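From just these sequences and the hints, can you work out the full model?
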Amino acid sequence: MHVVDKGEAREIVYDESYFDMPADSPARKLPRNSGFAGFRFQESRLGDQKKLDWKKNDWVAFLGASYFRAIGELYQYGLSARGIALDVAQAGRAEEFPNFTHVWFDTPSNEHADSVTIYALLDGPGITGAYRFVMHRGKGVVMEIDTALFLRRDIERFGIAPASSMYWFSETAKGTATDWRPEVHDSDGLAMWTGSGERIWRPLNDPPRVMTSAFSDNNPRGFGLLQRDRDFNNYMDGVHYERRPSLWVEPLEGWGEGAVQLVEIPTDDEIHDNIVAMWVPKAPARAGSQYRLRYRLHWLADEPYPTPLARCVATRLGNGGQPGQPRPRGVRKFMVEFKGGPLEKLPFGVKPEAVLTSSRGTFSYVFTEAVPNGVPGHWRAQFDLTVDGKEPVDMRLFLRVDGKPLSETWLYQYHPFQSPVGPVAS
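Numbered by the working numbering, the letters in the sequence shown go through residues 1 to 426 in order.
Everything labelled a hint here was simulated from the structure, so no lab data went into it. Small disclaimer: the values here were computed from a predicted structure and weren't measured. Glycine included, each C-beta is placed from N, C-alpha and C at the ideal position. Treat the hints with care, since some could be wrong.
To be verified - In silico DSSO-like cross-links for lysine-lysine, where the CA-CA straight-line distance does not exceed 30 Å:
(1) Lys29 with Lys6
(2) Lys55 with Lys6
(3) Lys56 with Lys139
(4) Lys174 with Lys339
(5) Lys55 with Lys29
(6) Lys351 with Lys333
(7) Lys333 with Lys404
(8) Lys139 with Lys390
(9) Lys345 with Lys333
Stated by the list, open to error - Label-pair distances were calculated between CB atoms; the ranges are:
(10) Arg132 with Val401: 45 to 53 Å
(11) Gly64 with Gly92: 24 to 32 Å
(12) Tyr365 with Arg153: 16 to 24 Å
(13) Arg153 with Pro376: 53 to 61 Å
So this is what it looks like as structure tokens:
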């Protein structure tokens, strides 16, 4: 690591005396010249202008391979970003984790500067490159990233601006989880703003097997893994999942054709990052290829550019059928809730229409209703899905009135399972 001051670089020489190491610490077994593992940025200010010991208040951390993360405006770490993702969950190929091997810290012009600039070299068997990070600390953290990348080998899944997060269970379904908490996740959905202007919300899953979903696009305006649920009562945990930051990726120039890819990996605990979201170009990533990329990362509580449409706020699953009747096998009931936007201005007596499609299966009992909680603009679409077999079902839903969309588009991948309650139809 180096400090750059007035155009000159000075190495920060590693010395183990910089660190407090208890007598029983494994760090004492490291070689004397083992070097730095990473770094953090720390400061004393808080958003409410209170002061804190700077040693206890870090807002950016780079640690491990090309992983880094930042606190959001709620002062909590959560999901991580990476410099690049190579062959994530690619059958027959081991994922590669290149490292940030060298870092240069550009000295701020003064102690009140509102940004910090660092430069970093990335290196691995299949790739090399250089990065510039300009990091702003204000409402949350905003990073402007400029990178040049050079491939040494063919990459089957070349993931740009990747984010890694954790999702175990939520109000949607607990699956195999048996836990006292109502929900456990760092992020609850993938949000996308397509090149054509469509706003999409895809709730996350803990799937029965590794799943990769690709959402094709041309010059996307942005995407990100978000934590929309901010109610402590929905987590009941002292680690404060309700404060975890959302991470939004904003391309600063056209990225062309490709897909936002979402990788979901089965998990049985909260300690594993089992979610990856990234942009994958359509053109093959071949040895000798060069990439010059500019984008912005927003570490905030919500999207930096909110949709004017109603947003999906909950996806709930249950047994299908009607009250008082035998519960049929293979039928699931869905309750998808939307809130805000044009729904708050619906004239009395006007009911939005649920526009619903799926890759397979049949729908029944499809209708919409206002959620009976007295909150203006809070509606839900309800439907039963009947499907055979175990293959996943991809669904799409939005609300409209007179042909005009009132909500963002809800996408969901349902993994069928039979879990009847009560009498079962023969």
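Outcome of the hint check:
no.: 1; hint: Lys29 with Lys6; verdict: violated (38 Å)
no.: 2; hint: Lys55 with Lys6; verdict: holds (27 Å)
no.: 3; hint: Lys56 with Lys139; verdict: holds (19 Å)
no.: 4; hint: Lys174 with Lys339; verdict: holds (24 Å)
no.: 5; hint: Lys55 with Lys29; verdict: holds (25 Å)
no.: 6; hint: Lys351 with Lys333; verdict: holds (20 Å)
no.: 7; hint: Lys333 with Lys404; verdict: holds (26 Å)
no.: 8; hint: Lys139 with Lys390; verdict: violated (45 Å)
no.: 9; hint: Lys345 with Lys333; verdict: holds (28 Å)
no.: 10; hint: Arg132 with Val401: 45 to 53 Å; verdict: holds (47 Å)
no.: 11; hint: Gly64 with Gly92: 24 to 32 Å; verdict: holds (25 Å)
no.: 12; hint: Tyr365 with Arg153: 16 to 24 Å; verdict: violated (53 Å)
no.: 13; hint: Arg153 with Pro376: 53 to 61 Å; verdict: holds (56 Å)
Violated hints, in rising order: 1, 8 and 12; the structure is consistent with all others.
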